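There are 2 protein chains.
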Amino acid sequence: MNIDLSLLTALRRAGSEAVSGAELAQNLGITRAAIWARVEALRALGYEITASPHGGYRLIRAPDRLHADDLLSRLGPTRVVGRTLQVFQKTTSTNDVIERMARDGVPEGAVVFAESQTRGRGRLGRGWSSPPGQGLWFSVLLRPELRPLEATQLTVAAATASARAIRDFTGLPVGVKWPNDLLLRNHKVAGILTELSAEPDRIRYLVLGIGVNVNQGASDFPADLRPRAISLRQALSASAPGGERRRRAAVAGGERPAAARPLDRSALAVLLLRELDRDYARILSGRFEAVAEEWAAFCTTLGRAVTIAIGPRLVRGRAESLDRDGALLVRTEHGLLERISGGDVRMDT
Amino acid sequence: MNIDLSLLTALRRAGSEAVSGAELAQNLGITRAAIWARVEALRALGYEITASPHGGYRLIRAPDRLHADDLLSRLGPTRVVGRTLQVFQKTTSTNDVIERMARDGVPEGAVVFAESQTRGRGRLGRGWSSPPGQGLWFSVLLRPELRPLEATQLTVAAATASARAIRDFTGLPVGVKWPNDLLLRNHKVAGILTELSAEPDRIRYLVLGIGVNVNQGASDFPADLRPRAISLRQALSASAPGGERRRRAAVAGGERPAAARPLDRSALAVLLLRELDRDYARILSGRFEAVAEEWAAFCTTLGRAVTIAIGPRLVRGRAESLDRDGALLVRTEHGLLERISGGDVRMDT
Chain A
1 MNIDLSLLTA LRRAGSEAVS GAELAQNLGI TRAAIWARVE ALRALGYEIT ASPHGGYRLI
61 RAPDRLHADD LLSRLGPTRV VGRTLQVFQK TTSTNDVIER MARDGVPEGA VVFAESQTRG
121 RGRLGRGWSS PPGQGLWFSV LLRPELRPLE ATQLTVAAAT ASARAIRDFT GLPVGVKWPN
181 DLLLRNHKVA GILTELSAEP DRIRYLVLGI GVNVNQGASD FPADLRPRAI SLRQALSASA
241 PGGERRRRAA VAGGERPAAA RPLDRSALAV LLLRELDRDY ARILSGRFEA VAEEWAAFCT
301 TLGRAVTIAI GPRLVRGRAE SLDRDGALLV RTEHGLLERI SGGDVRMDT
Chain B
1 MNIDLSLLTA LRRAGSEAVS GAELAQNLGI TRAAIWARVE ALRALGYEIT ASPHGGYRLI
61 RAPDRLHADD LLSRLGPTRV VGRTLQVFQK TTSTNDVIER MARDGVPEGA VVFAESQTRG
121 RGRLGRGWSS PPGQGLWFSV LLRPELRPLE ATQLTVAAAT ASARAIRDFT GLPVGVKWPN
181 DLLLRNHKVA GILTELSAEP DRIRYLVLGI GVNVNQGASD FPADLRPRAI SLRQALSASA
241 PGGERRRRAA VAGGERPAAA RPLDRSALAV LLLRELDRDY ARILSGRFEA VAEEWAAFCT
301 TLGRAVTIAI GPRLVRGRAE SLDRDGALLV RTEHGLLERI SGGDVRMDT
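Sequence lines, in order, name chains A and B. Per this note's numbering, residue 1 is the first one in the first sequence, and the count goes up by one each step. Per this note's numbering, residue 1 is the first one in the second sequence, and the count goes up by one each step.
In isolation and in its complexed conformation, chain A is listed as follows (with noise of 0.2 Å):
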């Protein structure tokens, strides 16, 4: 364990007490001025450690940044799922840094997050709109003993976890489009991006790419995506008591809504990955029709006459029910049932 996760964990293990110089060094095995230089260090990145001379250390409050040892200090032991964690400033994709990894033989669990990304990937070759700071743009390195057929119970996963996270963390009722879109008040708040390197018959590793909207105001989104998209602090704001009638007041008058202060990304992203964790223990144990039952209670789809684009062709009628492997069981027009392992959905009702 190096330093600022051994620091971090015992100062939030401590909450509102205080930890005394010599007790921390005495743990990590350091001098008490080592001690001191480490909080200076965290200090420049924005924590708030207050030091008393006779009380010790106290973390006040920790920055709307995204730091490696930090959110290890909070995710606490799991099974696969940040086995290791890094941070990245700025990378293409978070998906292509895992990939990378990946190639060079890391085992599952890896995590990497990203505070941008600048060619941020959506399904079926898209791009995916990552500005700096205002989400959580990660992607989680899997090995699944599974077929490549099986790979959509890792997206119908990746959905239950995040949709299971963001309910606890806003307490908003969040829906789930499938195959891996999160919907908040019928806008795109998260999604998920599946990447497989398969042989025909055995996943080699499955790269998890997961995208939440979390402060961005409506102007941080691309023009495009406005009318589509929405962030969590956006749908707070909304959902506040009056929330709804005072941003319609604001706009009226021509004023931007008054925003909900923005929420703690670090600790939405500990939730992501614990819930995460647990639903790929779920999967790997054989148990995806408990994940898919929950997935059901979730989807917004499900039940609903929906229009599917796969390429050029069109299917239409009533999404029943998922299968075993995840795909979605369309029953069309001719009463016939079809298998839809992919496509674009349209809620027709």
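Careful: at least some of the hints might be erroneous.
As the list makes no split between identical chains, a pair holds if one copy fits it or if it spans any two.
What the hints assert, rightly or not - Below, in silico cross-link-like pairs of lysine to any residue (SDA-like), each with a Cα-Cα straight-line distance of 25 Å or less:
hint: 1; residue 1: K188; residue 2: T50
hint: 2; residue 1: K188; residue 2: R202
hint: 3; residue 1: K188; residue 2: A44
hint: 4; residue 1: K90; residue 2: A41
hint: 5; residue 1: K90; residue 2: G109
hint: 6; residue 1: K90; residue 2: G127
hint: 7; residue 1: K188; residue 2: T84
hint: 8; residue 1: K188; residue 2: A41
hint: 9; residue 1: K90; residue 2: G217
hint: 10; residue 1: K188; residue 2: L146
hint: 11; residue 1: K90; residue 2: A44
hint: 12; residue 1: K90; residue 2: D325
hint: 13; residue 1: K90; residue 2: M101
hint: 14; residue 1: K90; residue 2: R100
hint: 15; residue 1: K90; residue 2: T50
hint: 16; residue 1: K90; residue 2: G175
hint: 17; residue 1: K188; residue 2: M101
hint: 18; residue 1: K90; residue 2: P63
hint: 19; residue 1: K90; residue 2: W36
hint: 20; residue 1: K188; residue 2: W128
Source of the hints: derived by calculation from the structure; they are not laboratory data. Predicted model, so just to flag it, every value in this text is computed and none were measured.
Position chain B relative to chain A; hints supplied.
Using the frame of chain A, we list chain B on its own:
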């Protein structure tokens, strides 16, 4: 078209006729002195090219080494496979090279050969012995609009195309063992490794890696492979009139069996690429069934009692047919038809 490619194409087209330096210079748009310099360079690579003051240049023999321009000059136009072609003297694995090219956005059809591979790969994470200059170790980049589930179609197409090429090249009765081995005299003469990068519902790119044992003698194979592997040259030597008898006599006398002369690897390479191009076109136009029918005629697995190891699980039964995605349908002891998309097949009868 570059100069070596144009020059070799012109010399090959002329066959046993000589082509004058003046004619070559005019057609290639360079001086006669420059033609002379390129001829010298090709001679340095081992090309036997005669020149007479009045008759002109004639290609007598090409060296036993792969040369990208020469391969392209012999290949001629194709639909997809061989749009670009590179030859490495040594690389880790041609699949690695193609994968890097794929991630850099290189279009499909790119082909990479290596005279030797330091980390040649077989299926399921196994190795593939690729000694310098004795076989064909190459990979092809494809970007089919297919789902990962359908990737096995490409393995079947590659096996069918390779079997046809080897049969036409050697006249020997080559067999295909599902899903990816080519057999001569019940020994492995070639293998196919299909690797893909995908989202759960679409292939982003697919790499066909093909290895053919061409000119190895028994001592060129690692000891553990000797009982199971064979080269085309060995197989031809044993099949020559009296070959088997000669071989036995030689072994009994403690001598090495008389080897057939080395085969022209470039000629076989061109044949393989042409046949691959043909079967890839059939897959893209939805004619997998035609490919599968031809595959079935080569197949030594169908109709046999088999045991298939899929991870820790064993499936026993009779291999009945392929389904429309290229998976093997096995009638188990309990009368059920099981769909097998991968695994280790052992033929029991």
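Next item on the list: Since the copies are identical, ignore which copy is meant and state whether K188 and T50 lie within 25 Å (CA to CA) inside a copy, between copies, both or neither.
Entry: Neither. Shortest intra-copy (40 Å) and inter-copy (71 Å) distances fail the 25 Å Cα cut-off.
Check: Can you tell me if K90 and T50 fall within 25 Å by alpha carbon in one copy, between copies, both or neither?
Finding: This pair counts as neither: shortest intra-copy Cα distance 30 Å, inter-copy 60 Å.
Notebook entry, point to check: Given identical chains, is K90 near W36, meaning Cα to Cα at most 25 Å, within a copy, between copies, both, or neither?
Noted result: For K90 and W36, neither the intra-copy (29 Å) nor the inter-copy (54 Å) Cα distance is at most 25 Å.
Notebook entry, point to check: Given a CA cutoff of 25 Å, do K90 and M101 count as a within-copy pair, a between-copy pair, both, or neither?
Noted result: Close inside one copy (17 Å) and across copies (24 Å); limit 25 Å.
Next item on the list: If the cutoff is 25 Å on CA atoms, where do K188 and L146 land: within, between, both or neither? Let me know, please.
Entry: neither (29 Å within a copy, 28 Å between copies)
Check: Is it within, between, both or neither when you check K188 against W128 at 25 Å Cα-Cα?
Finding: within (12 Å within a copy, 47 Å between copies)
Check: Between copies, within a copy, both or neither: which fits K90 and R100 at Cα up to 25 Å?
Finding: For K90 and R100, both the intra-copy (16 Å) and inter-copy (22 Å) Cα distances are at most 25 Å.
Note to self: For K90 and D325, with the copy left unspecified, which applies at a CA distance of at most 25 Å: within, between, both, or neither?
What the structure shows: Classified as neither: same-chain Cα gap 35 Å, cross-chain 41 Å, threshold 25 Å.
Checklist line | Same-copy or cross-copy closeness of K90 to G217 [CA-CA at most 25 Å] | finding: within (21 Å within a copy, 54 Å between copies)
Margin query: At most 25 Å between CA atoms: does that hold for K188 and R202 within a copy, between copies, both, or neither?
Written below: So K188 and R202 pass the 25 Å test across copies only (22 Å; inside, 32 Å).
Check: When no copy is named, should K188 and M101 be tagged within, between, both, or neither for a Cα gap of at most 25 Å?
Finding: neither (29 Å within a copy, 34 Å between copies)
Next item on the list: Up to 25 Å between alpha-carbons, please classify K188 paired with T84: within, between, both or neither.
Entry: The answer is neither: 29 Å in one copy and 42 Å across copies each exceed 25 Å.
In this structure, the earlier hints numbered 1, 3, 7, 8, 10, 12, 15, 16, 17, 19 are contradicted, and the remaining ones agree with it.
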